[in-house]
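Start from the sequences and build out the full structure, keeping to the hints where you can.
From first to last, the protein sequence lines stand for chains A and B. According to my numbering, the first sequence holds residues 1 to 310 in order. According to my numbering, the second sequence holds residues 1 to 318 in order.
Treat the hints as calculated values from the structure; they're not laboratory data. For every residue, glycine included, the Cβ atom is placed at its ideal position computed from N, Cα and C. Worth double-checking, as some hints may not be accurate.
[Unchecked claim] Simulated DEER-style distance windows between Cβ atoms:
id, chain 1, residue 1, chain 2, residue 2, range
1, A, Val66, B, Trp74, 58 to 64 Å
2, A, Phe144, B, Asp312, 23 to 29 Å
3, B, Ala111, A, Arg93, 37 to 43 Å
4, A, Leu193, B, Phe163, 50 to 56 Å
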Amino acid sequence: MTTSNPPTPQPGAAAADGATLSAFQERPRRSFFYHARGFISGKPLGTVGLVIILFMAFLAVAAPLVAPKDPNKINAYETLEAPGANYVLGSDRRGRDVASRVIYGARMSLLVGFSSVAIGCAVGFLLAVTTGYVGRWPDMATQFLVDVLLAFPFLILAIVIVAVLGASTFNIIMAISIGYVPWTARIVRSTVLTMKEREFVTAAVASGASQWRIMFRHIAPNCVAPFLVVLTAGIGGAIIAEATLSFLGLGLPPPTASWGRDLQEGSSRLIESAPWLSIFPGIAISLTVYGFNLFGDALRDVFDPRLRTL
Amino acid sequence: MRAYLFRRSLIGLLTVLGVATATFLLLRIMPGDPAVAALGDPGKSGASMEQVEALREQWGLNRPLHVQYFSWLWGAARFDFGESLRSRKPVLEEYARKLPVTASIVILATALTLVVAVPAGIVSALKQDTALDYVVRVISLAGLSLPSFWVAVLIIVGLVRYFQWLPPIDFAPIWEDPVRSFKQFILPAFAVAFATIGMVARLTRSAMLEVMREDYVRTARAKGLQERLITYRHALRNAILPVMTAMGMYIGFGIGGLIVVEVAFNVNGVGRYLIAAVQRRDYPVVEAVTLAAAFFIVATNILVDVLYAFLDPRIRYT
Numbered sequence: 001m002t003t004s005n006p007p008t009p010q011p012g013a014a015a016a017d018g019a020t021l022s023a024f025q026e027r028p029r030r031s032f033f034y035h036a037r038g039f040i041s042g043k044p045l046g047t048v049g050l051v052i053i054l055f056m057a058f059l060a061v062a063a064p065l066v067a068p069k070d071p072n073k074i075n076a077y078e079t080l081e082a083p084g085a086n087y088v089l090g091s092d093r094r095g096r097d098v099a100s101r102v103i104y105g106a107r108m109s110l111l112v113g114f115s116s117v118a119i120g121c122a123v124g125f126l127l128a129v130t131t132g133y134v135g136r137w138p139d140m141a142t143q144f145l146v147d148v149l150l151a152f153p154f155l156i157l158a159i160v161i162v163a164v165l166g167a168s169t170f171n172i173i174m175a176i177s178i179g180y181v182p183w184t185a186r187i188v189r190s191t192v193l194t195m196k197e198r199e200f201v202t203a204a205v206a207s208g209a210s211q212w213r214i215m216f217r218h219i220a221p222n223c224v225a226p227f228l229v230v231l232t233a234g235i236g237g238a239i240i241a242e243a244t245l246s247f248l249g250l251g252l253p254p255p256t257a258s259w260g261r262d263l264q265e266g267s268s269r270l271i272e273s274a275p276w277l278s279i280f281p282g283i284a285i286s287l288t289v290y291g292f293n294l295f296g297d298a299l300r301d302v303f304d305p306r307l308r309t310l
Numbered sequence: 001m002r003a004y005l006f007r008r009s010l011i012g013l014l015t016v017l018g019v020a021t022a023t024f025l026l027l028r029i030m031p032g033d034p035a036v037a038a039l040g041d042p043g044k045s046g047a048s049m050e051q052v053e054a055l056r057e058q059w060g061l062n063r064p065l066h067v068q069y070f071s072w073l074w075g076a077a078r079f080d081f082g083e084s085l086r087s088r089k090p091v092l093e094e095y096a097r098k099l100p101v102t103a104s105i106v107i108l109a110t111a112l113t114l115v116v117a118v119p120a121g122i123v124s125a126l127k128q129d130t131a132l133d134y135v136v137r138v139i140s141l142a143g144l145s146l147p148s149f150w151v152a153v154l155i156i157v158g159l160v161r162y163f164q165w166l167p168p169i170d171f172a173p174i175w176e177d178p179v180r181s182f183k184q185f186i187l188p189a190f191a192v193a194f195a196t197i198g199m200v201a202r203l204t205r206s207a208m209l210e211v212m213r214e215d216y217v218r219t220a221r222a223k224g225l226q227e228r229l230i231t232y233r234h235a236l237r238n239a240i241l242p243v244m245t246a247m248g249m250y251i252g253f254g255i256g257g258l259i260v261v262e263v264a265f266n267v268n269g270v271g272r273y274l275i276a277a278v279q280r281r282d283y284p285v286v287e288a289v290t291l292a293a294a295f296f297i298v299a300t301n302i303l304v305d306v307l308y309a310f311l312d313p314r315i316r317y318t
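Pasting the structure below:
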């Protein structure tokens, strides 16, 4: 994001050039806290993002402890109550506590966000490292697959998959993760191609290392930095995708708390009389995704300044 | 150039074919039967087994997969995408009726994006690390962080409900009656553009920052050229190229936003058509709309590459 921030220690540099630097092991080993301090002072906005992420993760994990009420408890006598002492963020038309639903909604969002990006990026990463190193027809086939997936509008693909397979947490994660395969594969492949030409790979070949060893011990670790950056920035997108599917009525079936569907339910007819129904889930989605984007930007600056144009 | 265009188009065609095949297989291989969806499950209530079979027969769903595939492909090659299973009307006809609505929104949203995002990105880069830069960056990051449907809901609440502002109901494509179309679609277009403005502004900013550090910009300064001329004649011209490429790649995401915004605003366009078709398992419609979307994405990317050659004479395609 910023280009003229005070220089921060670069934990990524060690990983990115590990193989070439290993000859000069004089580089001092800094503790985790040293790097953390550098990050906080050098990237205040990124730190804010990280705090938001950690806060949301805390809400998701500790939901039963933090939530004031049962998110699915229907109370026919206290429907559509405005935010106040009894219901901190109001109640919905079945008398369920909005605050508790927002807190439980964090579980679904973060679960889908993390796992779909992790799976999609892992598949794209493995695909790119193996076929990129081998080259020839496997590489061309992967390239074609990537082109096809990029021409497939991401959301349409997810909608079709979820609609056809049915909405379960697993299917939603699968549907969203496919969107991350081509992006990761494309970015990692370009790194693989440059790494292939480096001296340390030639040295490994000369010393008789097997293809698999070269791919996963020598090339893959050097492609992790750009990959991590895509991963962090992508989680926000995956959370939006999950909320969008829920908003379109393709998310998990009703009792489960989900920001997207709660927002949709609140927005259809109740928006004037009970705006809190849609506003609080909306704020939760936006804040979480904003956190991931802030943190992702800061990570990108620290790890790999070349990726700034992406 | 001609040979390059030919090769690109050929690869593009193959890509679109790949998308079409993937959609086709996805819809046929996976569980769920349109005949059952239309008539009801024969096991429970709904139609009898015979009725479902008869409908499958009529829709050609009981033929072997490859026969279905090639007959569909042969039809698609002649722009015959079959009939909608639900309305029994040709898909192409229905699509053609809804396309102008979506096209109007796309044109407005693209115009909004270019008019707002590119200048914002330039200003943000030129005034790097000033208050103005921070404002642009915070807002453009918000563009990436607020889901399009949430922006749509906020607009509906804010303007339509509280200010009693209502768009004209009867539809006019933007190329026939720009004023009315503008009034009708500016809000959905803004909801779509909010995300793309964020992306493009960020891209423009980083591209400009990179270019401003180039040697030729320093040379231009050294020979005493006005700062304004340096910005527009030297820097922007070079910075805009990578921005265009990235924009081409982000179209897929734009289409996603478009679908949701059409649903949120209740606009009768291609996006809502697709969602309804998916929910009813109306295979021919889903296949045709996906094919069209893939075609637009690929075509735009080729167009961007051709434009590239016009904007940058150094690039020669061979």
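Outcome of the hint check:
Distance hint check: the CB atoms of valine 66 of chain A and tryptophan 74 of chain B are about 59 Å apart, consistent with the given range 58 to 64 Å. Take phenylalanine 144 of chain A and aspartate 312 of chain B: their Cβ atoms lie about 27 Å apart, and the range 23 to 29 Å holds. Separation of alanine 111 of chain B from arginine 93 of chain A is about 40 Å and conforms to the stated range, judged on CB atoms against 37 to 43 Å. Between leucine 193 of chain A and phenylalanine 163 of chain B, the C-beta spacing of about 55 Å keeps the proposed range 50 to 56 Å intact.
Hint compliance for this structure: no hint is broken.
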